[in-house]
Amino acid sequence: MTNPFRHLATINCLARNLDRATLLICLRVCRAWYRVLEPLLWHDFWLLRNHIPTDYLIVLQRNRHSITHNDVRQGLFKQALIQRRYPSPASIEKNAQHIRRLFYYGEEHLFQQLAPFCTQLRYLETARYGPEMKPLLLQNLDTLQTFICKTDPVKVPGAEPVFMEWIWKYLVEMKDLRVLELDSIILSDYEGSKFGIVCRKLTRLSLVDSKLIERPKSETEDFMTLKSLVLDQSYIPKLEQLELFQLCPAMESLTWRSRTGALPIANFLAYLSSDKSPAAHLAKLDLSTSKILDEDFVQIIQLLPQLTHLQAAKTLFGSASTQALLQGQAHQMQLINLLDCPDVTKVETQALLQGCPSLKVFYAPVVSAVGMLGNRWVCTDLEELDVSIAEIDQLPAPSFPRHRAVYSQLSMLVHLRVLRLGDSGFAPMPDPRAPVSTSLAPQLKYVLDMRLDSGLGLLSTLTQLRELDLENMHAAMEFGTLQWMAQNWRGLRLLVGCVHPLEQQRKLSNDFLREFIPGLKTFFNRKELQMWNQLQ
Amino acid sequence: MPVTLTSLDDVKFTVDKDVAERSILIKNMIEDVGESDSPIPLPNVSSAVLKKVIEYCEHHRNDPVQVQDETDDPRKRSNDIEEWDMKFMAVDQEMLFEIILAANYLDIKPLLDVGCKTVANIIKGKTPEEIRKTFNIVNDFTPEEEAQIKKENEWAEDR
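The listed protein sequences derive, respectively, from chains Z and G. Each residue of the first sequence is one higher than the one before, starting from 1 at the first, in the UniProt record's numbering. Each residue of the second sequence is one higher than the one before, starting from 1 at the first, in the UniProt record's numbering.
Please keep in mind that the hints were generated in silico from the structure rather than gathered at the bench. Take the hints with a grain of salt, since some may be wrong.
[Stated by the list, open to error] Here are some, though not all, of the chain G residues that point toward chain Z, as calculated from beta-carbon distances under 10 angstroms:
id	residue
1	Thr14
2	Glu83
3	Phe97
4	Ile99
5	Lys109
6	Val119
7	Lys126
8	Ile131
9	Arg132
10	Asn136
11	Asn139
12	Phe141
13	Glu152
14	Asn153
15	Ala156
[Stated by the list, open to error] Within a straight-line C-alpha distance of at most 30 angstroms, the following computed BS3-like cross-link-like pairs (lysine-lysine) qualify:
id	chain 1	residue 1	chain 2	residue 2
16	Z	Lys521	G	Lys124
17	G	Lys126	Z	Lys521
18	G	Lys87	Z	Lys94
Heads up, the beta-carbon is just placed ideally off N, CA and C, and yes, glycines get one too.
Could you put the whole structure together from the sequences, leaning on the hints where they help?
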């Protein structure tokens with residue numbers, strides 16, 4: 001039989017598509033595969049914290065009753081107590097040269113071993129700013145393309161930003177640097193020129209909770225290659241931020257958020273109408289959490305004809321903005337995030353779902369179950385949907401299956417990978433060990449019934465589903481439903497929320513699902529998931 | 001303007017130029033030769049395989065050209081294969097391997113990629129011996145060498 005995997009190009013292509021566990025197995029297939037694949041094992045290298053900091057453990061201890069899931073508990077303490085396995089010094093000396101992406105969050109002694117041999121780094125992500133970093137940066141000035149400095153995610157919130165005065169000279173000398181992301185960092189530019197020199201070679205700049213001090217008040221040359229700019233709660237004065245925008249004529253993506261939500265919107269609109277406007281290119285806009293009025297959003301939308309991605313969560317986006325979007329960019333919108341927008345009702349949501357055929361990601365507060373009758377959504381390519389389904393009790397009756405209208409509409413979304421069904425409107429159960437209150441039971445008629453005989457079986461079309469969030473759905477799935485899930489959603493990797501209100505039954509159900517859906521992780525709520533993610 | 005491709009077994013296929021140019025090899029050959037009616041010989045590709053390759057290129061003729069992302073994040077790569085491609089790749093193993101070889105020779109990166117993703121999904125969960133059987137590969141490790149490699153790289157299982 002022909003063997004395509006005798007050629008380097010095909011082995012490399014295959015290796016890029018292998019997960020780490022399979023790559024490790026492939027090393028042992030034959031000598032030729034070992035020679036080609038071993039360097040690839042080292043391309044991404046993580047130096048994680050070797051223990052959970054004491055202050056974080058204190059926070060966990062205080063919240064221990066809210067951590068119910070065994071996996072999370074075990075995972076947290078495994079990270080805290082069990083030593084990781086490391087490559088041997090000989091292996092490090094032989095292979096560290098192959099590291100292309102380094103994630104440095106701890107294990108300083110290991111870092112000291114491999115740093116001298118890391119000379120081909122393209123990507124560096126770190127929460128460490130000590131003197132040990134300087135030699136590493138010096139020997140990778142010619143290769144580094146991405147440099148990300150952030151705080152350790154398990155640090156107690158409210159920690160002070162880090163002052164990195166010395167970093168500029170390295171950033172200036174990195175000739176291939178294209179992406180710079182700083183989180184909780186203070187930089188100073190005493191000479192008044194370095195910021196411009198660095199930005200003029202970047203394609204992406206992100207300043208989150210960061211501060212630039214002593215930078216020049218005016219630049220003379222535009223940042224012609226900068227396409228993506230993130231200013232999120234940065235300490236730069238707001239009008240100076242607008243001056244920064246004007247230096248980026250090729251900007252395609254802008255994230256702009258302030259601590260208070262207040263943004264100089266009149267100035268922003270003037271900028272979008274000016275000669276310096278990036279309207280010809282700007283396709284992605286994130287103004288989440290800002291206090292921009294609905295009528296101002298209308299003007300913004302009208303000034304951005306290329307808009308395809310709009311993140312406006314927790315804003316005053318409302319009816320007028322919805323109409324502006326439908327009139328201008330309906331056919332091209334791919335992402336709309338309107339979560340927690342108080343003025344976005346089921347009317348606006350329905351209009352967008354019926355009017356935007358290219359949507360891939362849609363997050364909104366609520367949609368009406370009655371509006372789902374007749375399968376009128378045009379966005380059948382949706383990959384992510386986060387929405388609460390209201391007015392379940394107003395579906396026409398009798399109907400069999402009971403919630404057929406809702407499931408029928410959802411079943412059309414055959415490319416769906418993420419389905420979050422949002423807040424049912426009821427408070428979460430305060431104690432996970434408590435049974436469902438009898439006073440709550442009558443209200444369950446307002447909630448989507450997640451059982452086969454209510455129409456769930458129609459969702460067998462969602463073969464791409466990876467994430468299902470049922471938090472606050474008060475689901476009570478029977479064994480038959482769980483079996484159906486195991487048969488039809490074999491790609492599911494994340495289940496958030498309860499499949500049964502009773503703790504013992506929930507545990508058994510989750511155990512069953514994890515056994516029959518390989519790779520599935522289950523979490524009681526999003527808070528547990530967030531804690532888990534912070535430690536990965 | 002149509003282009004004629006000739007397979008290993010001398011079968012001629014006429015395709016639109018934009019379809020043929022999904023192959024970088026063919027695109028470069030056309031550029032080198034200039035406007036010409038002469039068939040382009042593809043001595044490494046049989047007619048059965050070339051037929052499949054043309055089918056792929058015709059379906060994907062309007063896809064944007066893939067650009068190598070210098071900041072490519074492997075964590076963002078997906079082993080998901082779109083439905084049409086999945087059905088296209090539902091062939092016997094011999095044909096699958098021939099398609100991969102042809103995609104490599106013709107320099108059609110998206111086709112090579114989807115072929116390798118298909119193979120990656122096949123070998124996922126297999127042992128080294130099962131992979132050897134799948135690809136007809138002789139094991140040239142001693143048991144001790146194989147055990148040593150496993151031990152040396154245990155650290156990588158943690159991540």
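Hints, verified against the model:
1. Checking Thr14/G against chain Z by beta carbon gives a least distance of about 27 angstroms; that is not within 10 angstroms, so the hint is violated.
2. Given the 10 angstroms rule on beta carbons, the hint for Glu83/G holds: about 8 angstroms separates it from the nearest Cβ of chain Z.
3. The closest approach between the C-beta of Phe97/G and any C-beta of chain Z is roughly 5 angstroms, which is under the 10 angstroms cut-off, so the hint is satisfied.
4. Interface hint status for Ile99/G: upheld, as the beta-carbon distance to the closest one in chain Z is roughly 9 angstroms, under 10 angstroms.
5. Because the beta carbon of Lys109/G sits about 8 angstroms from the nearest beta carbon in chain Z, less than 10 angstroms, this interface hint is met.
6. Annotation: interface hint on Val119/G holds; nearest CB of chain Z at approximately 6 angstroms, less than 10 angstroms.
7. At about 7 angstroms, the closest approach between the beta carbon of Lys126/G and any beta carbon in chain Z falls short of 10 angstroms, and the interface hint on this residue holds.
8. Given the 10 angstroms rule on beta carbons, the hint for Ile131/G holds: about 5 angstroms separates it from the nearest Cβ of chain Z.
9. Using the Cβ-Cβ criterion of 10 angstroms, the hint placing Arg132/G at the interface with chain Z is satisfied: the shortest such distance is roughly 6 angstroms.
10. The interface hint given for Asn136/G is met, as the beta carbon of that residue sits about 5 angstroms from the closest beta carbon of chain Z, less than 10 angstroms.
11. Using the Cβ-Cβ criterion of 10 angstroms, the hint placing Asn139/G at the interface with chain Z is satisfied: the shortest such distance is roughly 6 angstroms.
12. For Phe141/G, the interface hint holds, the least distance from its beta-carbon to any beta-carbon of chain Z being 7 angstroms, beneath 10 angstroms.
13. Against a cut-off of 10 angstroms between C-beta atoms, the interface hint on Glu152/G holds, since the closest Cβ of chain Z lies about 6 angstroms away.
14. At its closest, the beta carbon of Asn153/G sits 6 angstroms from a beta carbon of chain Z; the interface hint therefore holds under the 10 angstroms criterion.
15. With a least beta-carbon distance of about 6 angstroms to chain Z, the hint placing Ala156/G at the interface is held under the 10 angstroms criterion.
16. Among the hinted pairs, Lys521/Z with Lys124/G is consistent with the structure: their alpha-carbon atoms are about 19 angstroms apart, no more than 30 angstroms.
17. A threshold of 30 angstroms between alpha carbons decides the hint, and for Lys126/G with Lys521/Z the separation of about 22 angstroms falls inside it, so the pair holds.
18. Between Lys87/G and Lys94/Z, the direct Cα distance comes to roughly 43 angstroms. Violation of the 30 angstroms bound is thereby established for this hinted pair.
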